[in-house]
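These protein sequence lines are chains Y and W, in that order. For the record, in the first sequence the residue sitting at position 185 is 185 according to our numbering, with numbers rising by one throughout. For the record, in the second sequence the residue sitting at position 42 is 42 according to our numbering, with numbers rising by one throughout.
These aren't lab readings, by the way, just hints derived from the structure by calculation. All values derive from a computational prediction rather than experimental measurement. No false leads were mixed into what you were given.
Note that identical chains are pooled: a pair holds if it fits in a single copy or bridges any two copies.
Quick list of in silico lysine-lysine cross-link-like pairs, DSS-like style, CA-CA up to 25 Å:
id : residue 1 : residue 2
1  : K208      : K345
2  : K345      : K205
3  : K253      : K209
4  : K253      : K208
5  : K205      : K253
6  : K148      : K62
Number of protein chains: 2
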Amino acid sequence: MEGGHGGREGRRERGWEGGGVWRSRLRDKRRGAPGLPVPRRAMPGGMEERYSKAETLALRRKHIGPSCKVFFAKDPLKIVRAQGQYMFDETGEKYLDCINNVAHVGHSHPYVTKAATKQMELLNTNSRFLHDNLVQYAQRLTATLPEKLSVCYFVNSGSEANDLALRLARQYHGHQDVITLENAYHGHVTSLIDISPYKFNQLGKDSKKEFVHVAPSPDIYRGKYREDHPDPASAYAEEVKKIIEETQKNGRKIAAFIAESMQSCGGQVIPPVGYFQKVAEYVHAAGGVFIADEVQVGFGRVGKHFWAFQLQGEDFVPDIVTMGKPIGNGHPMSCVVTTREIAEKFGASGLEYFNTFGGNPVSCAIGLAVLDVIEKEDLQGNAMRVGSYLLELLVEQKKKHPLVGDIRGVGLFVGVDLVKDQQKRTPATAEALHLIYKLKEQKILLSADGPYRNILKFKPPMCFTMEDAKHVVEKIDVLLTEMEEATGMKTGNDVSANIQCKIKANEGSPQPESANESTSHLNGAACRQENGFYPEKHSVPSKTIRT
Amino acid sequence: MEGGHGGREGRRERGWEGGGVWRSRLRDKRRGAPGLPVPRRAMPGGMEERYSKAETLALRRKHIGPSCKVFFAKDPLKIVRAQGQYMFDETGEKYLDCINNVAHVGHSHPYVTKAATKQMELLNTNSRFLHDNLVQYAQRLTATLPEKLSVCYFVNSGSEANDLALRLARQYHGHQDVITLENAYHGHVTSLIDISPYKFNQLGKDSKKEFVHVAPSPDIYRGKYREDHPDPASAYAEEVKKIIEETQKNGRKIAAFIAESMQSCGGQVIPPVGYFQKVAEYVHAAGGVFIADEVQVGFGRVGKHFWAFQLQGEDFVPDIVTMGKPIGNGHPMSCVVTTREIAEKFGASGLEYFNTFGGNPVSCAIGLAVLDVIEKEDLQGNAMRVGSYLLELLVEQKKKHPLVGDIRGVGLFVGVDLVKDQQKRTPATAEALHLIYKLKEQKILLSADGPYRNILKFKPPMCFTMEDAKHVVEKIDVLLTEMEEATGMKTGNDVSANIQCKIKANEGSPQPESANESTSHLNGAACRQENGFYPEKHSVPSKTIRT
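Make a model of the complete structure from these sequences and hints.
Pasting the structure below:
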């Protein structure tokens, strides 16, 4: 992997460092008559840039739906190349990527590209024809799972996978109702927005459908039962049991309980061990099934295991597992795996399930290549080693910084919960946003998420190194210190006192923008989506911090 | 393109011609101890086969959902390679492909593969980063559409596209109800099964949701208003108007009318010109939008135009167009295009729309390459020329064969409606199935679809040639003649008489299998899916034809 951090490739000067003069000149030259083809511009690495960044942005505003947001809306990144855990912008500037869990085995992995190319040269067709890639991939994938999870359905996205999981669950006993977790996000199609409080809460108070039941998030830092509770797993599971009983009293029937094995958008929440077992027991007793959504967290990210639900112990086996994002290292593919019994009940309806692209030989070749790389490069081991090191480093930060309320994570899935007040655990939303923008200046890509968007979210490509971990934590340390000093927070080993963070965004403004943003998270009006997101109107709070 | 039809590649002998001895021996050798890796076997063209066909089938039964069906269930095809309009099985046998509309610019097109590889080597990430491919592709795609259709959402499948189209439509004026056509199929996710009579009719009589309204299919051969009606376009549109009025009386509100620009699974139905304009007028007056589903029929297939809805005339512009299958020549991608107004209403909800894989630089590079090939190889022109020739040849067949009731089509989208009785137009379902199986023996892949699965469905890769058209029609001619002779149907120029086709499947059987199949279409219990499908229990009717 390439050494160094945040450096520039080659010797080319960045024109914009001198106030944008060079870029402006270049744009002027390239303007020409409207409608004429824009000449291409050579870029570092032999690439070509078709449009200037301003032109790309203008075309995007014209032709892409305004609901499709960009990172860092005030100054979005134009990324033209990526390799391993690094992304490069149009000027050759290099960014350390801590957020793209889709580029699981590393950006642009040559082994994956080669496998895709080889299969594209031969054949890409639908699964109504027999093909070895399909069955070999199904065999390899099910071999990573407990034995009873043996039947696959290949689809194209996490959303398609979760939708199909719901169809399987509903067909199983003819039940309709679904229990989902607070702050959960399971996908963008209609049926999944219905069961994603992360989304439907933004649509007003009547947006919850009657067949949807929301259980408390098993978050032992911010939730109903916390780390001081003697048995939070049972207590949270009991909440699910209560919902089931209530539902049944109303004559309704539970088809499924669905949860990410660890909540991602919901705030990097790791459920207490034993929770899933108990929930599964209650849900099964009600004739429902347990759907483990591994779209964000599967494929070895947790290090110790290949699947995050395995953190609950060997005595827990979900009825349906859904996969997505990392499965094809960016290639659009995903999978639902279930038991023979559920699959046969689904088949008994007589309705065929056909997915045009799902399970095509190219997607399967890519899926196989990803499994190969995880194995050959011991990326699961790497996730465990680097993840543990990253956690250690972050725990040191917690000791030092009053802004750090909680560190949680496993493998290369880590959350840093920023607080304004250690005891009250007041979410430090503006501070998290500030940090993210400051890290971008340092050429580090990190995001903030969770219901208050105050949780720094690490989910880097699995080739992330010890050096990367050290580098990013060092930068965070410096930034936290700066923020704490600027606002009079006490930095040191004693951070237990109730120190009110005095960072205020846009001081003096009667309606500070970041306060709006913070509120918009609380009431859910802004996007809180996987990978984090920065709304168009964001104003970097740093402007108002006295440094 | 390679010449000849149905020939074998190379000089290798097919072992199974001698009674399967060679294949059996080979399988025996490869069995080995269970669980051990199976040695690969060299195949024609330098490929390798990992498993024997029987092993592939066994693994498929074990690991792939039973709802996922194969073509020709009694003897499925194992396809290992494809090029242009040809597919090759594991023995090197070559098939002429008349059904794969996904391989739009031809199977394994090197230009598309090259574009994918080049981009995969550089970058594949989500659309929250700016990228030229995304905006360039959106620009190129919208340039093929009427001006007001200017805003794109990139997604991964036709199902994701149609689901998003419904979300856009419902957000537009807050209406919920949807008008769909008889026999329509719009996708496999929950929200689309709800609006697909092709699917929900199979789930029992209470399966239609109250917000769904089914309008008669504008089929002038089998529908309510036929070719002898003075104005079928207005008459069918009037039916939609009646539905709207009825709906409004019940206090409900129409969000959308959705229809394929030409019905594919529904039976290759081409709506009469002027129908869409009138429907759009009524739907707009009710505050709804017109969704044109071009997933099966777009991208120049109709020859004269790039989009099938353009067959209705320049005065018709849908509010939303959905795309899919051919868009990436097999790569999982699709798109929704709409107006600025609808896109802004969608954005106004505050809900972000994020699709992890949608619009990634690789998918966009592939989409651009497909557009390039269509243009460079004049595939739209080819569709027009070869399609017209194919229609001419088939019209000759209609004159000659009493089994041919109707020929309809445009460009390389053609349907042959087989009937047992020219006047009653009784669907010749068993005969269509027989023909499909016989054509397979002749190394030609064709399918039958429609509500009675009696309609031969041509939708070949767009590089289909005059020679291919001639070849397949010659084979059909011979087979139709054989079938008519075997059953005493009169073959010749005078086929208007009421000649009852005497082909009976499994004569003497109290419950003939193919009769079951035929019934299962009538009541919808069997799959009638795009690309046609042959259920596991199929028995080739030819066995009972006295030849």
